[in-house]
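Going line by line, the protein sequences match chains R and U.
At position 64 of the first sequence the residue is numbered 64 (our numbering), and the sequence of numbers has no breaks.
At position 64 of the second sequence the residue is numbered 64 (our numbering), and the sequence of numbers has no breaks.
Keep in mind that the hints were calculated from the coordinates and are not lab data.
Check each hint, because a few of them may be wrong.
Lysine-lysine pairs mimicking DSSO-like chemistry, simulated, CA-CA at most 27 angstroms apart [as the list claims (entries may be wrong)]:
(1) R:K69 - U:K59
(2) R:K29 - U:K13
(3) R:K29 - U:K105
(4) U:K6 - R:K37
(5) U:K105 - U:K13
(6) U:K188 - U:K175
(7) R:K37 - U:K187
(8) U:K6 - U:K163
(9) U:K128 - U:K13
(10) U:K128 - U:K105
(11) U:K128 - U:K163
(12) U:K175 - U:K187
(13) U:K188 - U:K171
(14) U:K171 - U:K13
(15) U:K105 - U:K6
(16) U:K163 - U:K105
(17) U:K187 - U:K171
(18) U:K6 - R:K29
(19) U:K188 - U:K13
(20) R:K37 - U:K13
(21) U:K175 - U:K163
Quick caveat, the model's predicted, so the values are computed rather than measured.
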Amino acid sequence: MQNIIALIYTIVILLYSLTCVFVIYHIFKYYLNPVIKIISIIFFAVVSFSILSTNLGIFYSIDWINFLKDIF
Amino acid sequence: MRSFSKYHFNGQKRGEEIILVAHRHWFNIFIQFIYIIGALLILGAIYSVFPVVFSEMDKNQMQVLNFFMSFFLMFIWLFASAIWIDYYLDVWIITDQRIVNVEQKGLFSREVSELEHIRIQDVTTDVKGLIPTIFNYGDVYIQTAAEKERFAFRSVPDPYAIKNLVMQLQKAQIKEETDELGEVIQKKIRG
Chain R
1 MQNIIALIYT
11 IVILLYSLTC
21 VFVIYHIFKY
31 YLNPVIKIIS
41 IIFFAVVSFS
51 ILSTNLGIFY
61 SIDWINFLKD
71 IF
Chain U
1 MRSFSKYHFN
11 GQKRGEEIIL
21 VAHRHWFNIF
31 IQFIYIIGAL
41 LILGAIYSVF
51 PVVFSEMDKN
61 QMQVLNFFMS
71 FFLMFIWLFA
81 SAIWIDYYLD
91 VWIITDQRIV
101 NVEQKGLFSR
111 EVSELEHIRI
121 QDVTTDVKGL
131 IPTIFNYGDV
141 YIQTAAEKER
151 FAFRSVPDPY
161 AIKNLVMQLQ
171 KAQIKEETDE
181 LGEVIQKKIR
191 G
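With these hints in hand, go ahead and build the complete structure from the sequences.
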């Protein structure tokens with residue numbers, strides 16, 4: 001069960017990362033003002049990475065076996 | 001008027017000067033961001049209410065709650081970013097030679113069309129409703145000489161100023177073309 005959760009989580013994280021790459025690509029390629037472009041890329045990358053790393057940290061700190069035992 | 005000298009777009013010609021860059025009015029994105037604000041408020045309410053209601057939650061269960069909160073936050077952030085990209089990259093660029101309309105639809109669809117000032121026949125503005133009237137935003141339609149379809153600026157701020165600008169540029173370009181034609185004819189007459 002824990003492996004299934006890890007697998008689903010990995011897929012979701014990959015999708016999240018891929019979408020972030022697409023957003024950065026759009027900002028990089030299509031923003032008209034070069035200064036706003038750089039600021040936006042930095043802001044987006046920092047916020048996205050912060051949320052992702054927080055989520056990864058929490059995921060790996062959870063005792064999933066005990067939690068699943070409580071539920072089922 | 002604001003300077004756009006540092007701006008550059010794909011396909012910009014050498015010596016082509018950007019005169020105006022118009023995005024949809026901020027109220028348009030504000031309406032879409034209401035859902036994001038609502039989702040964040042719900043998330044905040046759950047985060048503060050859950051530990052009080054389920055006071056017997058142990059540390060591990062609290063971590064699970066934190067995990068789901070940050071998990072939803074990730075997707076709210078992505079959704080907000082997609083809305084922003086759709087708004088900010090949906091743009092109308094008025095240069096001294098033409099109008100470029102870039103229509104961004106989500107992350108995976110982008111349509112670019114352009115229209116030279118000389119081909120403009122008629123410009124119409126349409127400000128409909130209470131809020132557009134208060135905030136002074138609306139649509140600008142440009143009828144072209146060659147196509148039946150209208151070129152549209154949707155929900156742009158100050159549509160009357162945009163209309164005036166387009167008309168001025170069209171007149172200037174017609175004058176320029178007429179002068180050039182006059183010079184050619186004069187040269188021919190003089191032999």
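Against the structure, the hints come out as follows:
1. Between the alpha carbons of K69 (chain R) and K59 (chain U) the distance comes to roughly 15 angstroms, so the proposed pair stays at or under 27 angstroms and holds.
2. For the hint linking K29 (chain R) to K13 (chain U), the alpha-carbon distance of about 17 angstroms falls within 27 angstroms, and the restraint holds.
3. Taking the CA atoms of K29 (chain R) and K105 (chain U), the gap is about 15 angstroms. The hint holds against a cut of 27 angstroms.
4. Using a Cα cut-off of 27 angstroms, the hinted pair K6 (chain U) and K37 (chain R) holds, with the two alpha carbons roughly 12 angstroms apart.
5. Proposed proximity of K105 (chain U) and K13 (chain U) is supported: the alpha carbons are some 25 angstroms apart, at most 27 angstroms.
6. For the hint linking K188 (chain U) to K175 (chain U), the alpha-carbon distance of about 20 angstroms falls within 27 angstroms, and the restraint holds.
7. Annotation: proposed proximity of K37 (chain R) to K187 (chain U) is violated, straight-line Cα distance about 49 angstroms (limit 27 angstroms).
8. For the hint pairing K6 (chain U) with K163 (chain U), the CA-to-CA distance comes to about 24 angstroms; that is within 27 angstroms, so the pair holds.
9. With a CA separation close to 36 angstroms, the supplied pair K128 (chain U) and K13 (chain U) exceeds the 27 angstroms bound.
10. Restraint check for K128 (chain U) and K105 (chain U): the C-alpha separation of about 24 angstroms stays at or below 27 angstroms, so the hint holds.
11. At most 27 angstroms may separate the alpha-carbon atoms for a hinted pair to count; K128 (chain U) and K163 (chain U) meet this at roughly 16 angstroms.
12. The straight-line distance between the Cα atoms of K175 (chain U) and K187 (chain U) is roughly 18 angstroms, inside the 27 angstroms bound, and the hint therefore holds.
13. At most 27 angstroms may separate the alpha-carbon atoms for a hinted pair to count; K188 (chain U) and K171 (chain U) meet this at roughly 26 angstroms.
14. With a C-alpha separation of about 21 angstroms, the suggested pairing of K171 (chain U) with K13 (chain U) holds against the 27 angstroms cut-off.
15. Proximity of K105 (chain U) to K6 (chain U) is assessed by CA-CA distance (about 26 angstroms); at most 27 angstroms being required, the pair is judged to hold.
16. Taken as a hint, the K163 (chain U) and K105 (chain U) pair is honoured in the structure, with Cα atoms around 25 angstroms apart against an allowance of 27 angstroms.
17. At most 27 angstroms may separate the alpha-carbon atoms for a hinted pair to count; K187 (chain U) and K171 (chain U) meet this at roughly 24 angstroms.
18. Annotation: proposed proximity of K6 (chain U) to K29 (chain R) holds, straight-line Cα distance about 15 angstroms (limit 27 angstroms).
19. Taken as a hint, the K188 (chain U) and K13 (chain U) pair is broken in the structure, with Cα atoms around 31 angstroms apart against an allowance of 27 angstroms.
20. The hinted pair formed by K37 (chain R) and K13 (chain U) meets the criterion: a straight-line CA distance of about 21 angstroms does not exceed 27 angstroms.
21. Of the supplied pair hints, the one linking K175 (chain U) and K163 (chain U) holds, its CA atoms being roughly 18 angstroms apart against a limit of 27 angstroms.
Hint compliance for this structure: hints 7, 9 and 19 are not met, and every other hint is.
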